[in-house]
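Participant: Residue numbers (UniProt numbering), protein chains in the order written: chain A, 1 to 225; chain B, 1 to 227.
Read the hints as simulated data drawn from the structure, not as lab findings. The hints are all genuine.
Taking lysine-lysine pairs in the BS3-like style, the calculated list, with each CA pair at most 30 Å apart, reads: (1) B:164 x A:78; (2) B:138 x B:120; (3) B:90 x A:135; (4) A:175 x B:202; (5) B:207 x B:158; (6) A:136 x B:54; (7) A:209 x B:54; (8) A:175 x B:177; (9) A:52 x B:54; (10) B:54 x B:207; (11) B:202 x A:63; (12) A:52 x B:211; (13) B:207 x A:197; (14) B:177 x B:104.
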Amino acid sequence: MALRSVVSRKTLAPALRHYRSLTTFTLPDLPYDYGALEPAISGEIMRLHHQKHHQTYVTNYNKALEQLDAAVSKGDAKGVVQLQSALKFNGGGHVNHSIFWQNLKPVSEGGGEPPHGALGWAIDKDFGSLEALVKKINSEGAALQGSGWVWLALDKEQKILKVETTPNQDPLVTKGVSLVPLLGVDVWEHAYYLQYKNVRPDYLTNIWKVINWKYASEVYEKESA
Amino acid sequence: MALLRSIAISSNKTITLAPSARALTTTTLPPLPYSYDALEPVISGEIMMLHHQKHHQTYVTNYNSALELLHTAMDKGDVSAVVGLQSAVKFNGGGHINHSIFWKNLRPVNAGGGEPPHKKLGWQIDTDFGSFNALISKMNAEGAALQGSGWVWLAFDKELKRLKVETTANQDPLVTKGATLVPLLGIDVWEHAYYLQYKNVKLEYLKNIWKVINWEYAGEVYEKEAQ
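Only chain A is shown next, with the shape it has when bound in the complex:
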C-alpha cells in the first residue's frame, strides 16, 4: 500500500505524493427480520435502531473520513485533530452496533441458548457461573450513568474474561488494547425506551433470551487459540 516517508515539517514534493484510496462503509444487513427478536426487543426498536441510529453513524463516519482524508492531504494538523471526536463517536457507533447485531439472535435460531464448550468453562472459571456473569453484566449496565455499553470481554493477554463498560460510543478497545468484545449490550435509551420506558433493568433481564452465545463462543475460541 502507500509508503510515506515524512521529513519533519517538510511536505512531500508533488512527485512523491502517493495517492491513497479511501475506504468508506455501508450499513451491514441485519441477519434476521426486525420483528424476529420479539417480545424481548420490539420490531419498532430494531427498525429505528438499525435504519436510523446505526445508519446515521455510518453516514457521519464516512463524512468524517472524507474530511480527514482532505485534511491529511493538505497537511492540516489542526483539522486532523479536530476530526478525532467525530471519528471516534461515529466510527465507534458503527463498530459497536455491527457487533451488537451479531450478538442477538431469534429464539427460533438458538437465541438465548447458554454457552457450551470452552466459553462455558471460562465463564464458570472467571465468574463462578453463567448466572453470576449475567447478574454482573445487568448490574453494571443498570448502573451506567448516561449512555454507553456493557461488554463481556476476553483479555487476550491475561487470558481471562472481564465485564467492562464504555461511555457513549467508545469501543471496548478504549478500555484496553488487549480486550476483545465477545458480547456488547447497548444501554443507550434508544435501545429500549419505546418498549421498556425508564426501566432499563427489565430490558437487561429480557435481552438474555435473544443473546447469541454461539457467536460469542466462536470469537472466544478464535481469540484464545
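Given the coordinates of chain A, work out where chain B should sit on it, guided by the hints.
Facilitator: Frame of chain A, contents of chain B only:
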C-alpha cells in the same frame, strides 16, 4: 442548623463531632407547575409524566440514599467511602438540580410559554449573540451535536457579565463548566426527554421546544444575577 466545626491544622488530628450535632437535609420531588399534558403538542403528556414521576423521582430517591450513606461515612471518618460516593452524589444530585430548573424553564403556551424575552435579557441576547434567532440556532446546533446524554444551557457568566451557550455531559450541572456560570435555561437532550415522541430526530425536538420555553423565568434569573 448551624454547624460549628473547628479543624486543627495538624494533619494527623481528627475532630469528631457527635452524630446528633450534624443535620441531614434530604430532598423531595418538586411538583410540576402545570399539568402533564399542558405542553402538548410540543412535549407529550406521556413524556412529561415519565420524565417527572420516574426519571426525576429516581434522581431524588438515589440522591437521598447517597446523602444518607455519605452522612454515615462522614460520621465514621471513612474517607474511602466518602470519595467513593461522589459519583452517585454528582449524578443524582445533578439530575435533581437540572430537572428542577428544567420544569421552570417550560411553560404552557396559554400561560406565556414561547413568548420571546424582552427588556434586559432581550438586549443582552442581541449584544452577545447578534439576535434572538442566532441564539436559538446556536443552542439547537450544540444540542444536536452533543454526543451521548447531556444538557445544553443558556448561561449567564456573572464574572464576565455575558451570556454563553454551554453543554454538560450526563447530569453534570452547569457549574461544572465554570463556577461563575448561572443557568438561565437548560434543555435536556437525554433521549428520554424526547424519544417517545420524536424518536431519533433530536433536532425536531429542539426546534419545537422553543414554543414552550419560559423566557419570563430566564429573564427574572438574569435580572437578579446581573445586578
